[in-house]
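Residue numbers (my numbering), protein chains in the order written: chain D, 1 to 428; chain V, 1 to 395.
By construction, these hints were calculated from the structure, which means they are not laboratory data.
Keep in mind that a hint or two might mislead.
To list a few chain D residues with every Cβ distance to chain V over 10 Å, as calculated [unchecked claim]:
id : residue
1  : 65
2  : 66
3  : 96
4  : 101
5  : 266
6  : 267
7  : 388
8  : 391
9  : 401
10 : 427
Result set (DSS-like, lysine-lysine): computed pairs, CA atoms no more than 27 Å apart in a straight line [stated by the list, open to error]:
id : chain 1 : residue 1 : chain 2 : residue 2
11 : V       : 313       : V       : 31
12 : V       : 31        : V       : 394
13 : D       : 232       : D       : 42
14 : D       : 57        : D       : 42
15 : D       : 11        : V       : 255
16 : D       : 70        : D       : 144
17 : V       : 34        : V       : 353
18 : V       : 31        : V       : 391
19 : D       : 168       : V       : 313
20 : D       : 373       : D       : 29
21 : V       : 224       : D       : 144
22 : D       : 168       : V       : 273
23 : V       : 89        : V       : 391
24 : D       : 239       : D       : 57
25 : V       : 161       : D       : 334
26 : D       : 144       : V       : 220
27 : V       : 273       : D       : 71
28 : V       : 273       : D       : 144
29 : D       : 373       : D       : 42
30 : V       : 34        : V       : 313
31 : V       : 313       : D       : 144
32 : V       : 273       : D       : 70
33 : D       : 57        : D       : 232
34 : V       : 255       : V       : 89
35 : V       : 87        : V       : 161
36 : V       : 353       : V       : 255
37 : D       : 168       : V       : 276
38 : V       : 87        : V       : 255
39 : D       : 239       : D       : 334
40 : V       : 276       : D       : 144
Keep in mind the model is a prediction, meaning the values are calculated, not measured.
No residue lacks a Cβ here, since even glycine has one placed at the ideal position from N, Cα and C.
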Amino acid sequence: MTNSDQFIDHKGRPIVVVTGAGVVSSLGKGKEENWANLTSGKSGIHRINRFATEGLKTSVAGTVDFMDLKKLSAPALSLALAETAAEEAIMESGIEHGDFPGPLFLAAPPVEMEWQHRFELDAELSDTDVEGYARLLEASRATKHLEMYDLLQFNRTADILSEQFGTKGLPISLSTACASGATAVQLGVEAIRRGETGAALCVGTDGSVTTESLIRFSLLSALTTQNENPEKAAKPFSKDRDGFVMAEGAGALVLESLESAKSRGAEILAVLRGCGEKADHFHRTRSSPDGSPVIAAVTRALEDAGVNTDDVDYINAHGTSTPENDRMEYNSLKEVFGDRIHQTPISSNKSMIGHTLTAAGAIEAVFSVLTLKHGVIPPTINYDTPDPDIPLDVVPNEARQSKVTNVLSNSFGFGGQNACLVLSNNIV
Amino acid sequence: MGENSTPVWITGIGLLSSLGEGPEAHWQAMKSAKPQNIDSERFAPYTVHALGDVEWANQISRRDMRQMEPWQQIGTYTAGLALDDAKAKDDADLCGRMDMIIAAGGGERDAEVDADIMRDARTSNDRDALLAERLSNDLRPTLFLAQLSNLLAGNISIVHKVTGSSRTFMGEEGAGISAVKTAHARIASGQSDIVLVGGAFNSEREDMLLLYELGQYLAKGEQKPVWSRTEDATGVNPGSVGAFLVLESAEHARKRGVTPYAELDGVAADHGKREKGMVEARLDGAIAQLGNVSPTTILSGATGAGDITQCEKYWLANHFVESPVRAYGTMTGHALEAQFPLGIALAAIAAQKGEMFGPLEESESATPGDQTSILVTMLGHYRSEGLGLVKPVKV
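Start from the sequences and build out the full structure, keeping to the hints where you can.
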């Protein structure tokens, strides 16, 4: 093996490694707190107190309520979560603060004007009989609202993060719905493999639980209505699962080429061995009944990573706790893994932290890194009534000690988005 | 470009705007130098470049149309035009492995529902309860899907079966720059053979105008050409636009037997604060990344917004004394995420024709002949800068 061969993978591309990871979720701030709670089977789901929920079908969520914000809004919270996770990841990587040597890939919720903003603008003019958006436009003509303008720019979060951490070039903000976090990682991997950069900061964040966002998912019948006991509401792979729990959080990874990491003497937390993607053309919110796009995404990820199904020791499931997702995920995995799927541990972090939407893929990638590092598989909690149609080893209710070498992490989203990552603690 | 990289060809163009539909209609309109479908009344005092009549059924079934708001319709329709143009439409195998990068903003609101709630909220003593009740009852369940940024890509997958991969970039003009840049990089490096890339923008909605006007970025009154918007006349005239490109490796295009419009030689982008001298410094860096550039023509995506448009004007005048400039937004309006893909498309058409349309206003100088390289500039009205270089394909 020549000196440079050790840095390239089975396809002759630069090996990509993780040298820093950070996370915030309803279970807490930072990896330590999250991992302790996650491996003790604690739920972060609670009754919503951010806004009144009387009359709403769902009144539980995994909101993050402990961030210190001057004024709460989805963009402000999403930014604060992303900053916290990215800060932790960069600190761990040992890269100089404020001078990150590569681009930023940010998975963030689409920015929207909120009701608080509409009400604020609507109240500004009293002597007008103009209604609706024409009235808000009139108020805007009368007074410049630069702060609100800035807050509602789609690229604001990435702009502030890139300024703060000193990432290079034009930062990319992206959305692939509930696969966004995984896509951010995928874009980082691709940029490093192209040789454009030695490092990439990949972040997924979501702080967008509002009255309207909750109602919108409710209208699509996507959310659980089991409000009585919030901690029990998310029950992936259980027979009585009835929808996902909206949640917030952020995950961040510092990706580097192995060569760059070695040259700095950085600690390598995991190898980002492969990514796979395939879009679905079946329906806006539902997957192809034959599962072919998910099957293709999983297959491509394994192939890209140079890993056989036999080598996968653990699957970090998308596992949303909706009737359709969990069934579809099982059926598709069975196609790829055959009967071996029944012996492969698979668990859903969402049973504890809920579905962090845009952030999920990034947060679950961070938890996959921790699984590899600690040799502990976090459980699927609330698994009291197994679904006989999904005979999986879901690591029920209690964490499990287990040597894990390769993890498959799945993310699927509305709009036919399917992205899978393979992480490993084995460099070769 | 680097010696080891694969040439990236533009083999399909889809365009829909106030100027009509398709490359030829746009070329003829640009040559006429007369904007069309200028609407200064519907959203007065603002002027928008509106879409004319569109035969949506040519690309989108009635059933799918019902699932989309206008920005998604514009995008899905235009993506279909680009696929047709690249002779890729209805090729299930090709579309099934085609990559896709979309530059998108957010979707439309239900303006009536919002207006009713705002009115009732003025006299309500419990706004939370009002919101909970009204939104639960009045929002159309499918509206959410028409608002989600990545659902333009989702609709393109459903309607045109493009499913190799699907990424949606957000972030105003910068999203369009990053989309084209990433697509180019993927092909040049061999990560992808063929990519559908583009964006769509619907200017004909008050909620979108509001997002600009919070910062008082909209031009008021009669429409003026971009460089003529000085002092009180500065600002953006939004334009409804769909702009899509099929980018393809030269080798892949040759195998398919398709003729390219042009080569996308390179894309450079940057981002940062806009304090004195910083934009110019970033542009200096970006242009250097494109090599030793001496453009025959510069197609500027200038927005008309005050300082940044003037900044671009002086930077171009300093760097490229000889190169005539065309601010194509004079004709199409400004289309935010779609503006950069639109500029690349217009450059590709000109490169293929081997000529450039004439000046769009008095301050723009006359055109030389053969177009050996066309520089497309995009300085976002508020943030982000990008440059693209388009060259004719040597046969």
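**OP:** Taking the numbered hints from earlier one at a time, note which ones the structure violates and give those numbers from smallest to largest.
**Re:** none
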